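Engineer: Residue numbers (our numbering), protein chains in the order written: chain U, 1 to 410; chain X, 1001 to 1206.
Mixed in with the good hints there might be a few duds.
[Stated by the list, open to error] Capping the alpha-carbon separation at 25 Å, the derived lysine-lysine pairs in DSS-like fashion look like this:
no., chain 1, residue 1, chain 2, residue 2
1, U, 68, X, 1144
2, U, 54, U, 269
3, U, 361, X, 1144
4, U, 54, U, 361
5, U, 284, U, 250
6, U, 384, U, 25
In case anyone wonders, no lab produced these hints; they're calculated from the structure. Predicted model, so just to flag it, every value in this text is computed and none were measured.
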Amino acid sequence: MATDFSFPDAAAKAAALPKEFGPEKMSLSMGPSHPSTHGVLRIQFELDGETVTKADPVIGYLHRGDEKIAENMTYNQFVPYTDRLDYISPLANNMAYAIAVERLATLEVPARCQAIRVLTAEMARVSSHLMGLGAFGIDVGAWTVFMYCFEEREKLYKLFEELTGARFTTSYSRIGGLARDVPEGWIQRVDAFTDQFLPILDEVLALLSRNKIFLDRTVGVGIISRADAIAYGLSGPNLRGSGVANDLRKDRPYSGYEQYAFEVPVGAKGDCYDRYLCRGEEMKQSIGIIRQIVKNFPRGDWYAPDARKIFAPPKEKILTSMEELINNFMIVTEGPQMPVGEVYFEAENPKGALGFYIVSKGGGVPYRMKIRSPSFCNLSILPKLCVGNLVSDVVAILGSLDFVMGECDR
Amino acid sequence: MTTDVDLTTAVSQQFPSASPRASLDCPAFNILAAEVPAVLQYLRDVQGFDFLTDLTAIDWTAETSPRFTVIWHLYSSGQHRYVRVAADCTSAIEPVMPSVTGLWAGADWHERECYDMFGIIFTGHPDLRRILMWDGYPYFPLRKEFPLAGLPAALPDAEISAETGAGVIAAPMMGGPFVATPGQPMSAAEPRAKDEAWTEHSEKTV
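Work the whole structure out from these sequences, hints included.
Structural biologist: Written out as structure tokens, the structure is:
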């Protein structure tokens, strides 16, 4: 008797079953402590097999009430809190906050101060993108990239430490100036860093850009359309990856960005791979800006000398002049004196547009300060973006969005 | 591209109830709460302000009327400029504002945050629940009467609260930084002024 070798098709059989035997939805909680959620993001998924049918991000695990704190202390006291927003790039946050308050005080800082701020902000951008790239690499299975990125990032942190005294919590900007001038020989060391960094960056990007595994994980995954990117208020590389050439450094130059030549890279498709490419190119552009600053590093004051009642006078004057001593005392105890009014300032930070909306009733304490955080807006697209993707692709999407929960939750 | 002056005239022609708002930077308008969707749609579709960059509120304290002002910041990617739109909530007890989630999908989270922090109810919002604080949290932390130290509250999980007896407690302010309060003397900002410990001179507060 002949043996029957026909195997029943299980999938076809399941599809032919009546509706009430249809696939059951599963609920899955990812995070808040999960290696690919980069901090304390939690996403509540509803799954149909491996496919996401519904995603509900749960945020707020790192909410510290920064806006409430800001209403209860002087403008200078809040500077260290800005470090803890996007703690991957504190120097850029310091600068954004200082400029926002200076807009309120209608205060102009000298060219040297502006150049140092831009220099540090671009270094922060490189270090932030290195971190983002390394973590993205790990998310999709490329461990080597992470090691390379962290080595370079460590060199930047050495420079930050030398400049500010701290690796992460730099608190470098002041209202109307900086905490201190650059140390002797530091600019040359920054220059030396850029020289050795570019070949390594090319090497790191070459590990990913044509890597078959990386391409399979990222190309065509997590596509954000141009219209969606605008509707959700995305900013930074996530917006530019979708082909919208918005860069506040070009569009509304602040702190002397108009003097520097740089390109704004944009993506074509808006998938994870485009966002990766944008970040890679942005690092090169940032190095270009750093080199331009190093070449023509301005001399002169590094703080606004006429900012009485806002920027503390130099130490030697405090110790020799009674008026300056009183002035310093008043700045410390009462805070820098601000006019009445409202300002809104956004800076192009590594993660996107970081905005400060300050409502002042005069005096040294803001009446209300709203922090518009790019990570918050960038994550708000998740409920739409995750749906229809596999769970493993969500990991790639999260890595490509490059968010920081400290900033999202404030 | 229209100038800021043109924008001001255009908006006040289109919406007679809109009035210019004092601002140190971008053009700003005060509008009526009922006209919010119409004005924002006009700014988006006719004036080219395609981005809703920020949405927030201001609490002018319980003694002030109107108490809450909601603020929208729009950005035009074509003209590279901002506009600020403000509308007062008519009621201080139950502040209500029309939702603009129909215009920008990104308004969803912004309005949830605004509800979470101020208790402003956005009518027409598809899913208005807390976002930064947990569901069931009893206070609105950015209201001015909410103290910096926080207020005692129950934990989100009733089972854990019952099991451990733990709860949210107010943060100890003694030994902390100077915390300035507008209108108060600087002596009130000193850490020792925040002392909540009890001695023979002062009663235990709780």
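Engineer: Can you give the numbers of the hints that this structure goes against, from lowest to highest?
Structural biologist: Violated: hint 4 alone.
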